[in-house]
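My request is simple: use the sequences and hints to build the entire structure.
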Amino acid sequence: MASRRRLFILLAILALVVGIDTLERPLANPDEGRYSEISREMAASGDWITPRLNGLKYFEKPPLQYWATAVSFSLFGENEYTARFYTAFCGLLTLFATWFTMRRLTNNETALLATGVLLSSPYFMALGVIVTLDMGLTCWLTVALAGFLYAQSDGTSEPTRRRAMGVAWAGMALAVLSKGLIGIVFPAAAIFLHCLLHRDWTLLKRLAWGRGIAIFLAIAAPWFVMVSRANPEFAHFFFVHEHFERFLTTQHRRVEPAWYFVPILFFGVLPWMFTLPSVAAASWLAERERRSFPWRRFALLWAGFIFLFFSASGSKLPAYLLPVFPMLALVIGDWLARTEPRRIALYLLPVVVVIVIGLAIGWGAPERAKSAWTRDLYGTARPFIVAGGLVISLGIAGAAWLLRKGERVVPLAIVVLATLVFVDCVEDGYEMLSPRQSGRDAAAVTRQWVDPSTRIYSVNYYDQTFPFYLKREVTLVNYVDEFALGQASEPRRSLPTVAAFVEDWKRPGSAVAIMQPGLLEEVLKPAGLAMILIHADERRVVVRKP
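Take the sequence shown: its position 494, counting from 1, is numbered 1639 in our numbering, and each next residue is one higher.
Treat the hints as calculated values from the structure; they're not laboratory data.
Please note that the accuracy of each hint is not assured.
Said to hold, decoys possible - For lysine to aspartate or glutamate, the following DMTMM-like pairs were computed, each having C-alpha atoms within a straight-line distance of at most 25 Å:
#	residue 1	residue 2
1	Lys-1515	Asp-1586
2	Lys-1690	Glu-1648
3	Lys-1690	Asp-1649
So this is what it looks like as structure tokens:
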């Protein structure tokens, strides 16, 4: 067991090295630019209560990640590493919480297997180095689950149970501060479904309500009170618009079919994709005769509710499903520990076929791109993707071979290693697309023509990464989208029409503007507006006054 523990420690160190290697990639649109810029403005202004994006009030999400990243910026400077630090930290804490939970519920070997499953889930590992709010939400929900399951496990004394439930309530509070009310809705739904299906309403007596509510309110409530007092418009926008209207309507224009998350679920745990039906069935049936709290069923209820919740929602994005994956790691890891290795090998071999087919289909993707610029970018990314695909295919095939010989832990370690290399290759390939996905190059050129008095416009367009790299806010022109509330509160910070921009551009003083190429060619040049082009690519152009 000591040698196995050392093996997984080495893999954890490798995961950390891979993570650090991918943190330097240029920030991408839209999420990475948006959340990094909000944090930058918070650190610059010193206003830790009212989040602002491009100088405008922004109440779509709570501030926990903004706070953490703003502190990171203040201590270590503003760059890609510090922008991604909190996300990476939450990923590591999620891995630890997964190991800790399984070690309490089962044994150390099964805990290592479950942690290895999460490490070998490409979806989880990739999102651990991307600036979204979903890893923070996932982290604190997993901490809440760890505290809850510890409290309900056999042999837990009453004082320990209360302390563990205190951790669960604190995790839910931090989840709420990460992404809103789902931080408490998801755990509450799982508990309700458990009580309903198992007729175990006595569970409600073991939740340490008094102590728990006090902890929850002490952590979560102060910011909501302060931001509501400072901004009367906050409560309706956040609780009604960002929760009920986002779920029930399609106004956010993120409409996808009900099955949207099915391929994300299966390909997210790529090496284990074909085990999911068997894992779900075996985990549920394993607790038909309950002698202790049925944690496997509870994990499935937790994951199943989140999956169905987002599948039914009118707003869907790929990262929304992330909180499901630590739960899947628990039950898959437990299934691996209880399943004969030769049988596990049968589930891995078809994955190799799927990957090879995917590589064959994707090989011609660069040639199918519409523009030469995009074809060139995709072409530079292709070798990294292919190399990563080959490595994970060989790793899974090698693991299947060792499983057929009766090994268990070493094959998992090989799958983890292959997945880490695969994720690193994919991230390196994605970095090749950064001229298309990021405004870093445009901002670098623009900085040469900007001083504190320069007016900066963003016309009919907003590149989320541009203000972060420029270290300046821009004046929005004829652009609303997610800025509707902020512009309504402070209309003078924006220009409503391109005509208003044309007149403002003519004022004395230096000015630059960023826009999409079509606007420059079709509207502004024919209007005879004096402009000098200083940067151009197929996504954006930047001009300055002569």
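Ascending list of hint numbers which this structure does not respect | As far as the earlier hints go, not one is violated by this structure.
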